[in-house]
Amino acid sequence: MNNNDFSHHLLSWYQDHKRQMPWRGEADPYKIWVSEIMLQQTRVDQATPYFQNFISLFPTVFDLANAEQQEVLKAWEGLGYYSRARNLHSAAKTLVQDYNGKLPESYDEIIKLKGIGPYTAAAVTSIAFNKPNAVVDGNVIRVLTRYFGVEEDVRSTKTKNRVQDFATELIDEDNPADFNQAMMELGSVVCKPTNPECYKCPIQSGCVAAKTAKTDTIPYKSPAKKKPHHTIGVGIIEAEDGKLLIALRPEDAMLGGLWEFPGGKQKEGEEIQETVERELAEELGVEVKAYKELMRLKHTYSHFSITMHAWMCKLVSGKPQPKSSQEIRWVERNELERYPFPKANKVLTERLMGKGQGELGI
DNA sequence: AACCCGGGGGG
DNA sequence: CCCCCAGGGTT
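Using full-length UniProt numbering, you'd call the opening residue of the first sequence number 1 and step up by one each time.
Keep in mind that the hints were calculated from the coordinates and are not lab data.
Ideal placement from N, C-alpha and C gives every residue a C-beta, glycine not left out.
Some hints could be false.
List of simulated lysine to aspartate or glutamate pairs, EDC-like, C-alpha gap at most 16 Å [to be verified]:
1. Lys-93 <-> Glu-68
2. Lys-93 <-> Glu-71
3. Lys-343 <-> Glu-260
4. Lys-93 <-> Asp-63
5. Lys-314 <-> Glu-274
6. Lys-131 <-> Glu-169
7. Lys-131 <-> Asp-108
8. Lys-319 <-> Glu-197
9. Lys-214 <-> Asp-153
10. Lys-214 <-> Glu-151
11. Lys-221 <-> Glu-151
Simulated DEER-style distance windows between Cβ atoms [unchecked claim]:
12. Lys-292 <-> Gln-20: 41 to 51 Å
13. Glu-350 <-> Pro-228: 23 to 33 Å
14. Asn-161 <-> Ala-239: 51 to 61 Å
15. Lys-343 <-> Thr-94: 24 to 34 Å
16. Asp-5 <-> Tyr-199: 12 to 22 Å
17. Gln-69 <-> Met-1: 43 to 53 Å
Given these sequences and hints, build the entire structure.
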């Protein structure tokens, strides 16, 4: 199969099978850009409602640039990889200040923006401006390693560069927008990680993995490291007027710019109650009494997992200071939903607002 | 090159 | 339980 046949078969299949998506067919480069940031390491179904909400809140790059970071993070709450939201917001300001609010059309220029790497630069310039830059994402890696029978580790930079070269060689310069999206669509719905449906594939006749029955072993990925597990104690300090203390995480930390109930890792030989009291002493400079466990929950982050023990606390002495956070604030229970929280803390806020399901309760 | 960074869905 | 997902930034 030559490059023309490849492209013809692929695009023909795409015309007949492409799924409907809110950003598909969209001409506004800003919306295409937002969709591509949201889709980084995120499934279409998960991103879709966030995209609709985000665009309704920030219809243009100017609206986004003028928004407060807290509003942007609130719109991103629950989607994960929050640096995406911070970088998107930052890049919007750059566009308004230095680019008259317009995304640059060239790969070399657009990749300078925060949060735009090789994938997103190729995606936006091809889809919004019809530039022949080939995208390489997880889908394309799977499709092309199988198609060309690449058996090396797909985690390595060398293999990714090989795949990028294949994609660049294959891209249809007359229709790069559809070519790129068709490659990803094919990887997503036909050339799936397990049980690929090769009988549906428009390029099966040229596929090495299909012909040699190697779709189970290609792409090859070296083993991932095991995720460590931590036990975390967090304290919910309730003042006499009923307000609760929340803290704003440092800008450059994990989950930066989101709010939380202060706490930290349990040490060896330490009761979890002591963990909570020690952590709050360290982070707020106060003495507290952890008097009642509110709930426990398990949560998995990208590189570790936790069991979180949440304790209700009373202030014994001292005035809380933001020693390890940007800011601390006393808030009513019904005000908690105004603030962006990471998932594990979000579960706590819902319990505290009486909206918890209770299945994780102790 | 290695590591860090969320959360959800599917097998 | 594991893997994967329209990756990017930092060191």
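### Query
Given the hint that Lys-93 pairs with Glu-71, does the C-alpha gap stay at or below 16 Å?
Holds: Lys-93 and Glu-71 sit about 15 Å apart, inside 16 Å.
### Message
For Lys-314 and Glu-274, compute the direct alpha-carbon distance and say whether it is at most 16 Å.
### Response
With a Cα-Cα distance of about 14 Å, the restraint between Lys-314 and Glu-274 holds, given a limit of 16 Å.
### Asp-5 versus Tyr-199 beta-carbon gap, inside 12 to 22 Å or not
Since the Cβ atoms of Asp-5 and Tyr-199 sit about 19 Å apart, the hinted range of 12 to 22 Å holds.
### Query
Going straight from one Cα to the other, do Lys-93 and Glu-68 come out at no more than 16 Å?
Holds - the C-alpha atoms of Glu-68 and Lys-93 are around 11 Å apart, at most 16 Å.
### Task
Given the hint that Lys-214 pairs with Asp-153, test it: the Cα-Cα distance must not exceed 16 Å.
Satisfied, since the Cα-Cα distance of roughly 14 Å is no more than 16 Å.
### Query
At the C-beta level, are Lys-343 and Thr-94 separated by a distance inside 24 to 34 Å?
holds, 29 Å
#### Entry: Restraint check for Lys-343 with Glu-260, where alpha carbons must lie at most 16 Å apart
holds, 10 Å
### Query
Within 16 Å, alpha carbon to alpha carbon, are Lys-214 and Glu-151?
Between Lys-214 and Glu-151 the Cα gap is close to 9 Å, so the pair holds against 16 Å.
### Query
Do the beta carbons of Lys-292 and Gln-20 sit within 41 to 51 Å of each other?
The hint (41 to 51 Å, Cβ to Cβ) holds, given that Lys-292 and Gln-20 are roughly 50 Å apart.
### Message
For the hint 23 to 33 Å, verify it against the beta carbon of Glu-350 and that of Pro-228.
### Response
Holds, at about 27 Å.
### Query
Has the given pair, Lys-221 with Glu-151, been kept, meaning a C-alpha gap of at most 16 Å?
holds, 9 Å
### Task
Quickly compare the C-alpha distance for Lys-319 and Glu-197 to 16 Å and report which way the hint goes.
violated, 62 Å
In terms of the numbered hints stated before, the structure departs from hint 8 and from no other.
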